[in-house]
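Engineer: Residues per chain, in single letters:
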Amino acid sequence: MSDAPITHSRPAHRPPTHRPVTTESPGFRYALIAVVVLFLAFLLFAPLVAVFAEALSKGAIEAVTSLANPEATSAIKLTLIVAAVAVPLNAVFGIAAAWLITKYDFRGKALLITLIDLPFSVSPVVAGLCLVLTFGANTAIGGWMVAQGYPIVFALPSIILASMFVTFPFVARELIPVMIEQGRAEEEAALTLGASGWRIFFTVTLPNIRWALLYGVLLCNARAMGEFGAVAVVSGKIRGQTATMPITIEMLYNEYLSVAAFSLAAVLALLALLTLTLKTLLEWRFADQLAAAHRP
Amino acid sequence: MRSPLINRSPLPGMALSAGITLTLLSLVVLLPIGALLLKGATAGLPSLWAEVNTPRIWGALYLSFRLSLIAALINLVFGVALAWVLVRYRFPGRRFLDAAVDLPFALPTAVAGIALTALYAPNGAFGAIARDLGFKIAYTQSGILIALIFVGLPFVTRTVQPVVAEIEREVEEASATLGATRAYTLRRVVLPMLAPAAMTGFALSLARAVGEYGSVIFIAGNIPLKTEIAPLLIVIKLEEFNYVGATAIGIAMLLISFAMLLLINAIQVFSRRRIGYV
Chain D
834 MSDAPITHSR
844 PAHRPPTHRP
854 VTTESPGFRY
864 ALIAVVVLFL
874 AFLLFAPLVA
884 VFAEALSKGA
894 IEAVTSLANP
904 EATSAIKLTL
914 IVAAVAVPLN
924 AVFGIAAAWL
934 ITKYDFRGKA
944 LLITLIDLPF
954 SVSPVVAGLC
964 LVLTFGANTA
974 IGGWMVAQGY
984 PIVFALPSII
994 LASMFVTFPF
1004 VARELIPVMI
1014 EQGRAEEEAA
1024 LTLGASGWRI
1034 FFTVTLPNIR
1044 WALLYGVLLC
1054 NARAMGEFGA
1064 VAVVSGKIRG
1074 QTATMPITIE
1084 MLYNEYLSVA
1094 AFSLAAVLAL
1104 LALLTLTLKT
1114 LLEWRFADQL
1124 AAAHRP
Chain R
766 MRSPLINRSP
776 LPGMALSAGI
786 TLTLLSLVVL
796 LPIGALLLKG
806 ATAGLPSLWA
816 EVNTPRIWGA
826 LYLSFRLSLI
836 AALINLVFGV
846 ALAWVLVRYR
856 FPGRRFLDAA
866 VDLPFALPTA
876 VAGIALTALY
886 APNGAFGAIA
896 RDLGFKIAYT
906 QSGILIALIF
916 VGLPFVTRTV
926 QPVVAEIERE
936 VEEASATLGA
946 TRAYTLRRVV
956 LPMLAPAAMT
966 GFALSLARAV
976 GEYGSVIFIA
986 GNIPLKTEIA
996 PLLIVIKLEE
1006 FNYVGATAIG
1016 IAMLLISFAM
1026 LLLINAIQVF
1036 SRRRIGYV
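Those protein sequence lines, which keep their order, are chains D and R. So this note's numbering is basically just the index in the first sequence, starting at one, shifted up by 833. So this note's numbering is basically just the index in the second sequence, starting at one, shifted up by 765.
Errors might be hidden in some of the hints.
[Said to hold, decoys possible] Computed, partial: chain R to chain D, Cβ under 10 Å:
| id | residue |
| --- | --- |
| 1 | Phe891 |
| 2 | Thr905 |
| 3 | Tyr978 |
| 4 | Ser1022 |
| 5 | Asn1030 |
| 6 | Ile1032 |
[To be verified] Sample of chain D residues lacking proximity to chain R, with all beta carbon distances greater than 10 Å (derived):
| id | residue |
| --- | --- |
| 7 | Ser858 |
| 8 | Leu876 |
| 9 | Ala879 |
| 10 | Thr906 |
| 11 | Ala917 |
| 12 | Val918 |
| 13 | Ala929 |
| 14 | Gln1015 |
| 15 | Trp1044 |
| 16 | Leu1047 |
| 17 | Ala1055 |
| 18 | Gly1073 |
| 19 | Ala1098 |
| 20 | Thr1110 |
| 21 | Asp1121 |
Calculated directly from the structure, the hints in this document are not laboratory data. Glycine included, each C-beta is placed from N, C-alpha and C at the ideal position.
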């Protein structure tokens, strides 16, 4: 019997608590854990605590009152409107792009994927600059739109475009690895059974990708609501009109209205914490259906 | 043999999905980037060069790149250590720490910027300690560095973590049975396996830091030639309605981004070839 227990044959002179060869000494382990925890404490947790501490520095009532200020409420409203347009559009784009890339074979697919990923490597400020140069009032498209009474730059459309630009790859990147993994067999089977394209999508594909889709939408939303650099360039920062939450935070901060700035920041920080919590729950519960499990 | 342009598939929806994809991609990404390049082309290389070739802009580009490089190096070291700790060690709060690593991705940059400034400014919690010790963090290059470390923090950890999880312990055991000390095994066996992923994370972190704006401008102080980053100069040029100047810096930064994108791809091709070979 080759798998007979051999524990009794351990030499008596060995220390009883020897560690396995594939780990480090306890001293090294504790030191390394302490170093990374300290690093994260100074860089991650302290700023998060600071946001809430500064917001509440003059009491909770002061913080809540500052959020009821018309400047703050209009910023919250604008940010919600921007996210309500940009996120669904990017979700539709992500689904369409992932369907196109994973269900068909065509030349230039690698180039298409690179182009979709492009916004990740472009500075948000450069993204904003690009939009100003495309749709600004002194360009052909922008000038024509201004003449029609619908300015794009320094108005809502450019804020939506800027938010879409910076979050463009989020949903597609999440869906593509999952859909590659799942292959085409289920959709092709549905097709042979006579299902229409939309029916295949809603009854076969969507149930398979729903958690990955939710994951991508979650990250896309967090970034869209919090985007600063690209929006700062295109918004024009008109109070009560084109100032999103992050832009309003900047304006309040520069006017030394610390409590108001940090209260609004605390709302965004709560959104970030909510996003992280939901994301972590999705990762624990549906790890096998998310892209992270399929990445090389 | 060359593959056909399009392989016919029985699945419906190709025209629709291609239509949506290409329309939105063109409108949101390609048209604007094209407009930047077109603006650069109509201005002409000499006038672009004249705009970029000033001490203030060289200073800002050099500062952005140098500090981003240092921040990415610090993130490389701590990112690998963090990935190792999160995958290999068991301690209370590990899962919480693991989830928290993504905070810089989720927290808006403007929020991070004012929070870091509040902490590291001379009258802030950490800044006061530094002031008593005789140095200043916020409104200096150290402040910018802290903001850049913050935004790039998750990249190395998130690229290295899955690789650490995939390492087969047998390899480490083999190394130990051949008489290697633990330190030697880590240096000669484990680190080379992590290197490609770590380098990818390093390049991603670097690319992010070079273009970062929101978290930096609050803590930077924005003094020309000292603490002025390249993205801020684009904003300043736009506020002066100097579109050619903004375009020139924008194209310079776009070129830096593309160079780094190529670097990331080269690392991935290189590591794939290596792993395929082993």
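Engineer: Next step is simple, just say for each hint if it's right about the structure.
Structural biologist: Each hint, compared with the structure:
For Phe891 of chain R, the shortest C-beta to C-beta distance to chain D is roughly 7 Å, which falls under 10 Å, so the interface hint holds. The beta carbon of Thr905 of chain R is not positioned within 10 Å of any beta carbon in chain D (closest approach about 17 Å), and the interface hint is therefore violated. Checking Tyr978 of chain R against chain D by beta carbon gives a least distance of about 4 Å; that is within 10 Å, so the hint holds. Interface restraint check for Ser1022 of chain R: the shortest CB-CB distance to chain D comes to about 4 Å, inside 10 Å, so the restraint holds.
Against a cut-off of 10 Å between C-beta atoms, the interface hint on Asn1030 of chain R holds, since the closest Cβ of chain D lies about 9 Å away. Taking 10 Å as the C-beta contact cut-off toward chain D, the hint placing Ile1032 of chain R at the interface is violated, the least distance being around 13 Å. For Ser858 of chain D, the requirement that its beta carbon stay farther than 10 Å from each beta carbon of chain R is not met, with the minimum near 7 Å. At roughly 6 Å from the closest C-beta of chain R, the C-beta of Leu876 of chain D falls inside 10 Å, breaking its exclusion from the interface.
Separation of Ala879 of chain D from chain R is inadequate, the least Cβ-Cβ distance of about 6 Å not exceeding the 10 Å criterion. Its beta-carbon lying about 18 Å from the closest one in chain R, Thr906 of chain D satisfies the requirement of being farther than 10 Å from that chain. Every CB of chain R is more than 10 Å from the CB of Ala917 of chain D (nearest about 17 Å), matching its label as outside the interface. Look at Val918 of chain D: its CB is around 12 Å from the nearest CB on chain R, clear of 10 Å, so calling it non-interface holds up.
Annotated as non-interface, Ala929 of chain D brings its C-beta within 10 Å of a C-beta of chain R; the closest such distance is 4 Å. A cut-off of 10 Å between C-beta atoms confirms that Gln1015 of chain D is not in contact with chain R; the least separation is 13 Å. Taking the minimum C-beta to C-beta distance to chain R, about 17 Å, the non-interface status of Trp1044 of chain D holds against the 10 Å cut. At roughly 15 Å, the least C-beta separation between Leu1047 of chain D and chain R is larger than 10 Å, which holds for a residue marked as non-interface.
Distance check on Ala1055 of chain D: its Cβ comes as close as 5 Å (rounded) to a Cβ of chain R, failing to clear the 10 Å threshold; non-interface status is violated. For Gly1073 of chain D, the requirement that its beta carbon stay farther than 10 Å from each beta carbon of chain R is met, with the minimum near 18 Å. Listed as a non-interface residue, Ala1098 of chain D fails to keep its Cβ farther than 10 Å from every Cβ of chain R; the least gap is roughly 4 Å. For Thr1110 of chain D, the shortest C-beta to C-beta distance to chain R comes to about 8 Å, within the 10 Å cut-off, and the non-interface label is violated.
A cut-off of 10 Å between C-beta atoms confirms that Asp1121 of chain D is not in contact with chain R; the least separation is 14 Å.
Checked against the numbered hints above, the structure breaks hints 2, 6, 7, 8, 9, 13, 17, 19, 20 and satisfies the rest.
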